[in-house]
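Residue numbers (UniProt numbering), protein chains in the order written: chain A, 1 to 125; chain B, 1 to 522.
Hint data in this document are derived by calculation from the structure and do not stem from the laboratory.
Remember, it's a predicted structure, so these values are computed and weren't measured experimentally.
Don't take each hint at face value.
No more than 16 Å apart at the CA atoms, straight line, and that leaves these computed lysine to aspartate or glutamate pairs for EDC-like [to be verified]:
hint, chain 1, residue 1, chain 2, residue 2
1, B, Lys183, A, Asp105
2, B, Lys183, A, Asp108
3, B, Lys183, A, Glu114
4, B, Lys217, B, Glu423
Label pairs and their in silico Cβ distance ranges [as the list claims (entries may be wrong)]:
hint, chain 1, residue 1, chain 2, residue 2, range
5, A, Ile81, B, Trp453, 54 to 60 Å
6, A, Thr68, B, Val64, 19 to 25 Å
7, B, Leu221, A, Glu118, 49 to 55 Å
8, A, Gln100, B, Val44, 42 to 48 Å
9, A, Tyr18, B, Thr125, 38 to 44 Å
10, A, Tyr18, B, Ser12, 51 to 57 Å
11, A, Ile81, B, Phe90, 19 to 25 Å
12, B, Ala314, A, Ala75, 18 to 24 Å
13, A, Ala63, B, Leu22, 34 to 40 Å
14, A, Ala89, B, Ser341, 43 to 49 Å
15, A, Leu8, B, Ser71, 48 to 54 Å
Some residues of chain A that are not near chain B, with every Cβ distance over 10 Å (derived) [said to hold, decoys possible]:
hint, residue
16, Met1
17, Met50
18, Arg51
19, Gln61
20, Leu102
21, Glu116
The beta-carbon is built from N, C-alpha and C at its ideal position, and this holds for glycine as well.
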Amino acid sequence: METALTALVGLFYVVSIYLMLSRHIIRVLLGIAIFGNAVNMTIFTAGRIMREVPPIIPEGQSALDGVTANPLPQALILTAIVISFSFFAFLLVLAYRAYQELGTDDTDEMRIAEPEGEGLPPLGY
Amino acid sequence: MAAVTSAPVDTSAALVQAATSLLDWVVIAPVALPILGGALLMMVRHRTHLHAAVTFAVLLATLVSTLMLLSRVVGDGALVMTMGRWLPPFGISFTADVLGASFAAAATFATSAAAVFALRDIDATGRRYGFYPFLLLMIAGVNGAFLTGDLFNLYVWFEVFVISSFGLLILGSERRQIDGAVKYAVLNLIATTVFLITIGYLYGVFGTLNMADIARKADGLRENGPLMTIATLFLLAFGMKAAAFPLNFWLPASYHTPRIVTSAMFGGLLTKVGVYALLRTFTTLFPVERAILSDVIAVVAILTMVLGALGALAQSDTRRIVGFVVISGIGTMLAGLAIGSPLALTGTVLYAVHSILIMTALYLVVGLMREAAGSFSLHDLGGLYRSHPLLAAMMLAMVLAAAGLPPLSGLWPKVVLVKAAIEGNAWWLTAAILVSSVLTTIVLGRVFALAFWRPEQDTSLRSQTRPIDAVAGYGTVFVLLVPAVWIGLWPEPFLHVAGLAAAGLSDPAAYIGSVFAAQGGS
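Isolated chain B (complex conformation) (with noise of 0.2 Å):
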């Protein structure tokens, strides 16, 4: 090249100056930790005896980190990491809010519980194949779904957590295990190429990713962008990610073949990452298009709800019942969205968190269940109320829970959503949600009638059973009803961190002023 003299660029300008202080680390340790304690793994893949104590060191220090980033957001709103320090919107930010922030710590309990549980259900085999590792990328992966602002870098996050639970679902290389693995993988393929396509028409039309600058450009947008076509495919790929009828059939084909201690961190966490992408889409970047879509969401969350209870009725395995359970909850989830005010969506992330806990903590039981009783078919379970009765009381909690009974913490987001979609007069939705409650009860109530009241069945199912751990059992159970239980019996602060999450959904401006605090607001 000729040498061209110039001067040099001066980029300050376009930098942020000040230092990153200490405690702003906060908004990247849950990814970052992860990431780091999944690539040390890698490392020492081969002494399995280490996996678990690094693992258990990790998810500590990621729950910690997500706990005071909460209370951070809580209490000064929004925190912004900007990479790289090039100014948004040309570097990549993390944004973390009341809603990421929530849903990060919620799913990082839900995980550490799952990791113990882990210690009994996950033989060396499985740990050679390198089942601790894809949990810390799993749930780095979530986490960087929740926390980042970047709608390209959320692709990137969908990317990590789903190819990390290709490993997960996979582990053991059962026969059931690849054919449901083979659904999975081709349905949640499609999705997030869906979701890549919506990327580049967004960035055609908007010239920018960061989801601050989208929101704050959609206004002027409107008048000639297809922001309506960019919104429908939008709620068709999280919708399927959120497995929302008639999207679903990945979930139940392949949710009950994995590990159950697999399963529990699926139905807890991955579903609820297409929850909190559709909601960050249709509050913060379209709220819009949303209003004019509530009529389709709504019939969606209907459909979802019903037939996903119904879908659980049908079933005699108890971890397909628990699957469907699952999608039904999905369905609770999108009616705040459908509804979209204030008290609504309050009403949907409380849910969500409600859901994270219990959906885990539902499949962990049903392990449990398995242990005691040798079976997950509800033609051969039987008996347990008698020999294991405090599985029984744990299982009595599952059921007011997921079914919205009090004292659990099902009881208060469905009182929120009920009351929001009065409000809205969305009477089809009240009615769906009262119904799909009630069905799923029965479902729930039926498991519980079977399995516990019922005399045993099969006596030469004794030899399958084994006593349940009192840590890595009944322990990791109680440790996800604690919150549970205290939704349930005193809501008031995690209302109230609902509604702020809410609040920060509905009105974004807080949230693009924190984006772009240092260029003076807009």
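Isolated chain A (complex conformation) (with noise of 0.2 Å):
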């Protein structure tokens, strides 16, 4: 189990970079969006996937019979699924607004705050 989802994370990840790399805004965000998934698997594969074997210690002992997954990791993505979706929301919004106020979703036409050929700044006076 693990190993399938090991290599559906390096599958999400290179998706990820691959579309990250792109010029369209768009293209951007969805890598952006696949990026925070593939972490959240990244994190959850780590903490082991097993099913029906509760983390609950025994009575009379200190330590756990046999393996189990870890519930901290899951704890953690949680957090970070709510903290990546508020970004992604805000992201899809101003890449909207960037659209709108630009007229373009390509970052090599995106030159507002950095325009292009603004020579030199004065050589004298």
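Starting from two chains that each stand alone, build the complex the way the hints lay out.
Next up, the structure:
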């Protein structure tokens, strides 16, 4: 199970990095969404996957009997999902506004803040 | 559920038994106060006339708490508070040592000055869109990052101040702001996501996220664990946050677009959080990996210093010049991390404090120059020496401070860093620090010559000017200059505190001991 998920996570990273290298904001955004999920699945897989074995220590013992999934990474992922979701929502609105205001989603043409050919500063007075 | 009769579990051994003394709450106050203030302002967001007063009160209380915290950790060593009273490493620890407390104090001080400047710079619309709540939440996130003792918690604080900074960055929704914000948001999100990946790997290897716990377990895991991979990923993630070359391109693309007071806070605070995180991970957690990576960090530091200063030379917009000067300063701080000796770390810590104060003030002075002359462009500025002599004095102080010339604060950290670099036989670093200082002198000296000494260029810009306010204009810059001059003229107390911070980084035993004091030290 872990092996299959590891391969899937690798595929997620490949796809997300390919998309983020694009010049188009919408593809970059899709890449970021997949990137966030890839990270969550990395942590999830790293915490072991196991069904129906609760991480509860039996009475009278101080350690777990057998192997079980680590619950902490799942708690971390919950936090990370909330954060990445809110970021992604903000980015979607920002990209949409950028498309409205700048008329393009091509990052090469987004040169309002850093105009091309600004010229040198004054060389003397 | 079937009723299982069992004796109630005795959890007392896993809990901190002693009640937290009232004074110990000072650890959490620099984070809790601004969050509460920000939440309060959100509730009264319609009544914009209240925002400034509430913000000043909260920031003043926060500043007092950070100074109290600093004086306590300088006297007694690191102060720890563990959330929910679970013993570390199970509860999330807030661990304030000299490094974190001094950075938090400097950051809160700079933010307070910026908040006063915002009285004039942010109009009623900006307040209605939530400038002051965002400001308070940003300083909460920055202070939280400086004071937390838990890596995942550090990630959360990163996200808190990054998302607040988005709100500040696009305040006004101008086209150039949206353009800059797209690049800032995407690249910062990628940086924090890389940080999250690293945390995942680190938890897989260590089974803990408490920094002190990681530090004491690192030696035992070095044989088999991929610690080098984790350290390299940290360098990538935090280098990007700190705007180190070649990951710095989001900074010059965005820092000149928002309101000038926002630029000032960003330039002063946000990159320093990246530097802080680098210092923390590479000295407290992974000192051996730092030594292996020191050549890489040194190359990054040299390129950041020199290319930052060269980038500033090529600009004609004063805000973009300051953006590149910020990058150049990051390189100087990384130089200390590359050398790694206690003396070098002292220089880095003091330089970071100096940079928090001076970069904030430099952006504010540029904003005042815009008010006085009607333009940010070096092509249009001129004649300010005659019309605004006080502003000229302040800009001259900025030139001296940023370039590292006496009698301002830039001198001593650079002296310490150069001394450490020579002692460490790091000649390239020595040369780069000196060359970048010369280049910074030329860059800002040219701004001074063109904007102040050159005769007025364009009288039509006079319609865009407005008189500079005594308090919200000159006053804020003056307040930031007071500690800068103090560091320059009488550096002993500051060097002492920076030395303590560096000693705490070089020998994490005290840091670890303070977290695990309840369990007998180890």
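Okay, the hints, checked on the actual structure:
1. With a C-alpha separation of about 12 Å, the suggested pairing of B/Lys183 with A/Asp105 holds against the 16 Å cut-off.
2. Distance restraint check for B/Lys183 and A/Asp108: the Cα-Cα separation of roughly 12 Å lies within the 16 Å cut-off, and the hinted pair is therefore satisfied.
3. A threshold of 16 Å between alpha carbons decides the hint, and for B/Lys183 with A/Glu114 the separation of about 11 Å falls inside it, so the pair holds.
4. For the hint linking B/Lys217 to B/Glu423, the alpha-carbon distance of about 31 Å lies beyond 16 Å, and the restraint is violated.
5. Checked against the hint of 54 to 60 Å, the pair A/Ile81 and B/Trp453 passes, with Cβ atoms roughly 57 Å apart.
6. In this structure the supplied range 19 to 25 Å is violated for A/Thr68 paired with B/Val64, their Cβ-Cβ distance being about 48 Å.
7. Between B/Leu221 and A/Glu118 the beta carbon distance is about 51 Å. The supplied range of 49 to 55 Å therefore holds.
8. In this structure, A/Gln100 and B/Val44 break the distance hint of 42 to 48 Å, their C-beta atoms being roughly 31 Å apart.
9. As the Cβ distance of A/Tyr18 to B/Thr125 is approximately 41 Å, the hint placing it in 38 to 44 Å holds.
10. Take A/Tyr18 and B/Ser12: their Cβ atoms lie about 54 Å apart, and the range 51 to 57 Å holds.
11. About 23 Å separates the C-beta atoms of A/Ile81 and B/Phe90, a value consistent with the hinted range of 19 to 25 Å.
12. Evaluation of the 18 to 24 Å hint for B/Ala314 and A/Ala75 yields a failure: the beta carbon distance comes to about 48 Å.
13. Between A/Ala63 and B/Leu22 the Cβ separation comes to about 38 Å, which falls inside the hinted range of 34 to 40 Å.
14. Separation of A/Ala89 from B/Ser341 is about 46 Å and conforms to the stated range, judged on CB atoms against 43 to 49 Å.
15. Between A/Leu8 and B/Ser71 the beta carbon distance is about 53 Å. The supplied range of 48 to 54 Å therefore holds.
16. Look at A/Met1: its CB is around 16 Å from the nearest CB on chain B, clear of 10 Å, so calling it non-interface holds up.
17. The Cβ of A/Met50 sits about 15 Å from the closest Cβ of chain B, beyond the 10 Å cut-off, so the non-interface label holds.
18. Taking the minimum C-beta to C-beta distance to chain B, about 20 Å, the non-interface status of A/Arg51 holds against the 10 Å cut.
19. Non-interface status of A/Gln61 relative to chain B is upheld: no Cβ of that chain comes within 10 Å, the nearest being about 12 Å off.
20. Its beta-carbon lying about 6 Å from the closest one in chain B, A/Leu102 breaks the requirement of being farther than 10 Å from that chain.
21. Taking the minimum C-beta to C-beta distance to chain B, about 13 Å, the non-interface status of A/Glu116 holds against the 10 Å cut.
When held up to the earlier numbered hints, the structure conflicts with 4, 6, 8, 12, 20 and fits the remainder.
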